[in-house]
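The task is simple: from the sequences and hints, build the whole structure.
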Amino acid sequence: MSDYILEMNGITKEFTGIKALDDVNFKVERGEIHCLIGENGAGKSTLMKVLSGVYPYGTYKGDIVFEGEIQKFNEINDSVKAGIAIIYQELALFPDLTVYENIFAGNEIRKGPFVDWNETIIQATQMLKKVKLNVDPETLIKDLGVGKQQLVEIAKTLSKNVKLLILDEPTAALNENDSENLLELLKELRAQGITCIMISHKLKEVISIADKATILRDGQTVCTLDAHKGEISESVIIKNMVGREIEDIYPKRLDHQFGETVLELNNWSAYDSQLGRDVVKNANLHVKQGEIIGVAGLMGSGRTELALSIFGNPKKYKLNGNMQVQGQPVSFKHTSDAIKAGIAYVTEDRKGNGLFLIKDIKSNVTAAHLKGISSRGVLNLNEEVMVGSQYKDSLHIKASSLEQIVGNLSGGNQQKVSLGKWLFTGPKILILDEPTRGIDVGAKFEIYTIMNELIKEGMSIIMISSELNEIIGMSDRIYVMAEGKITGELSKEETTQEAIMELATQ
Amino acid sequence: MSFFNEAKFLIKSNIRDYGMYIALFVIMLTFAIMTDGLFMSSRNISNLLDSAGYIAVLAVGMTLVIVIRHIDLSVGFVAGFLGAVAAIFLTQIGMSVWLVIPIVLIFGIFIGLFNGFLVAKIGIPSFVATLAGMLIFRGALLNVTESTGTIIVNDDLFNALGNGFIPSLMEVNGLHLLSLLVGLIGIILYIYSEISNRRNKAKYGFDVMSPKIFIIKLVLVSFIIGYITWVLAGYNGFSWTVVIMLLVVVVYHFLSTKTVLGRNIYAVGSNPEAAHLSGINVTKITLIVFGSMGMLAALSGILFTARLQSATTTAGTLFELDAIAAAYVGGVSSAGGVGKVTGAIIGAIVMASLSSGMNLLGVGISYQYMIRGGVLAAAVIFDVMTRRQRA
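Residue numbers (numbering that gives the first Met the number 0), protein chains in the order written: chain X, 0 to 505; chain H, 0 to 390.
To be clear, the hints were calculated from the coordinates, so they are not data collected in a lab.
Please note that the accuracy of each hint is not assured.
Unchecked claim - Heads up, simulated SDA-like pairs for lysine to any residue below, C-alpha to C-alpha not over 20 Å straight-line:
#  : chain 1 : residue 1 : chain 2 : residue 2
1  : H       : K200      : X       : S388
2  : X       : K315      : H       : K283
3  : H       : K200      : X       : K315
4  : X       : K211      : X       : A226
5  : X       : K370      : X       : S335
6  : X       : K162      : X       : K280
7  : X       : K131      : X       : L185
8  : X       : K370      : H       : N280
9  : H       : K257      : X       : N379
10 : H       : K11       : X       : S399
11 : H       : K7        : X       : S400
12 : H       : K283      : X       : K211
13 : X       : K203      : X       : I248
14 : X       : K370      : H       : V259
15 : X       : K280      : X       : L318
16 : X       : K370      : H       : K257
17 : X       : K370      : H       : K283
18 : H       : K120      : X       : H333
19 : H       : K11       : H       : M208
20 : X       : K287      : X       : L489
21 : X       : K71       : X       : I4
To be verified - With beta-carbon atoms standing in for the labels, derived distance ranges:
#  : chain 1 : residue 1 : chain 2 : residue 2 : range
22 : X       : N379      : H       : I151      : 47 to 57 Å
23 : X       : P55       : H       : V230      : 49 to 59 Å
24 : H       : K120      : X       : N266      : 23 to 33 Å
25 : X       : K80       : H       : K257      : 21 to 31 Å
Remember, it's a predicted structure, so these values are computed and weren't measured experimentally.
Ideal placement from N, C-alpha and C gives every residue a C-beta, glycine not left out.
See below:
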């Protein structure tokens, strides 16, 4: 007889007639790492919100049995008291407070009516040791990298005597090193008896860490796989997630000839006066027409900075060196100059600086190229609807109408809107920064397919990605960056994950 | 879709936009009943619109400033100061009105651009930068009026901007003929633009409103324009203030909804970083919006001086807060990117109606402030609730 710490039986949750969860059964054994997998919109987040009390008892059907008792959570605090803690993708830390203040925020150690700061620092240091984070507890959160912030967040939950730890895509924003550290830590916590539910899109991780994996599809439980019975493998997971076989994660590409060099950088450097150092150092790079260039490297290696320095230098670095677009030397004063020259940059952080979340689909698509729908500064709003629906159809953006607010779309569809916005500028060189971050396998495949169509039409693509598989699967040629330098160039044939990692950690 | 379903759908999806029109209607109706029709008399409506004028033009500019996530606290005393400058030019230097007005408007633009420069180029928070401006121009106003005290303006042409009416040509049954003609032209232009708009949409093959609803809308709006014209024609017709106010609304409505510049302003407001990365020059847009605010402050100062026929030492006091209140009642959002120029005008008229109606009823000034504060809070609550519903 198994010892279940959590049983969710027959959970059904409706939103105005639409079943987000339909009779979901989800059982987690004490002391295991249980991965929850599914495409975007499959119901993972909703299920976790039911569990944590975001959706209070009574708004859903079914039972939550935690530690052998039926639980009736009315708010998040109730589930926290019971020992359930969730760490969301977007971290909930206070950037201007110190590490120790953050760890005990909302859970302050008191002496009478006052906060006992000395005791707080002592306990915070112990928590940091538990998560193997070697920083001074008085450091400000904003001075830590994302990977370390993640660990602080875990330390914070551990300080609350957590029995069940839920992580929502913990490694989405982390580089390979930090991801590995985090997974190691989870294994250690498992050894200490903490049960863990992890939501993830990264199948490699799931395979390396999960004891069990439950797959959701369209609000229903598809199956629960057991690693110890050898049931977990990439192909099995994908098959169950999408409900169909994906022969290959990367769509087939027909061989084609590359054209002339469209972009060339010589001894290209960018100096960040705020950081006081070069964020890009002596980069030499060229891109041919119809080529997909992969730019690999760890986080902070200067990939995004390289892209920004090319794209009109919106961050105001001091630039050095030569850039040529289609054989002509250029220097851009503003992003609008870069757009005019045929460069487009799809940002890494689509919510933060890519999209206008409160605006609708059509005005997002036209935002970077209003010239295309106006004459002498006056807009043709009917033309805008035409353009909007054209991209909605060609990029398969799933939305009720063109007037739908972009902030309400799923990650994959937001990414397509972002892509549509840049395609409408008619670029010759498309820079994609982490184009598939946080989107599901199905949407990824669609994005890859679109990329293949674009290069067939003669566009060139520079793809920045932290996912080595994606870099290797999609690129014709790969540049690897480390500490602002391009440390190597690899052709499609000679590329392996190991080769990239070796260059990235130089 | 059946007739009623379509009407219901239209109302439901546009409730946010229609909300303040409904509020204005309810307020006017309430006062009309409580004052036995005195509130809706030609004379009162005419006075009400004139008294809203100098705040309304400020509210239009303020809406755009708030849309790009900034604020301008200096506009009140900029208006007061430039109103005094206009008075000095007219009385002490003896310049002609036709010279004074453009010069003062240009001064306004420069003051606005300077505010914009502090905010966009130097990076000072707009609250602080314009608070400094507020103190500086309060001082400047006192400085230029210190030796003379209140400056009386005797130029009839100038004073007409605040008190005068467009010429009547001739009276028809006691009604103002030219005003009736203006109203009629307004209705014809409105119907023409709606029909050509509909035709254009049909040409692109888009869905349009069913003919029944379309005709009801045309009749309703035409009736409202006609009614207001008829009410005003019963007194002295359209005042120059109302004409200027209408011009400002038409121009700014067109700029903000139908041009690339307008779209860029809203883009900067909804996400400045994304706007920058979309090739929009955020600095330039900020300068333009503050420059336009300065120009409208100058216009407000001219209207106010003309209305009082004099420049006083305290002119412009609290104009900025009235303008901000009008903008918020008109549906602007402090989170940026949302807010309409037409809403700002309606907001200003709502606030003026409250003052006017309560004055007629003899409500004490202490209660007037409380009630106006309550309406402002209610407007923002309504705004927040309807937005939550949509999300």
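Would you list, in rising numerical order, the hints stated earlier that this structure does not obey? Hints 3, 6, 12, 25 are the ones this structure does not satisfy, whereas the remaining hints hold.
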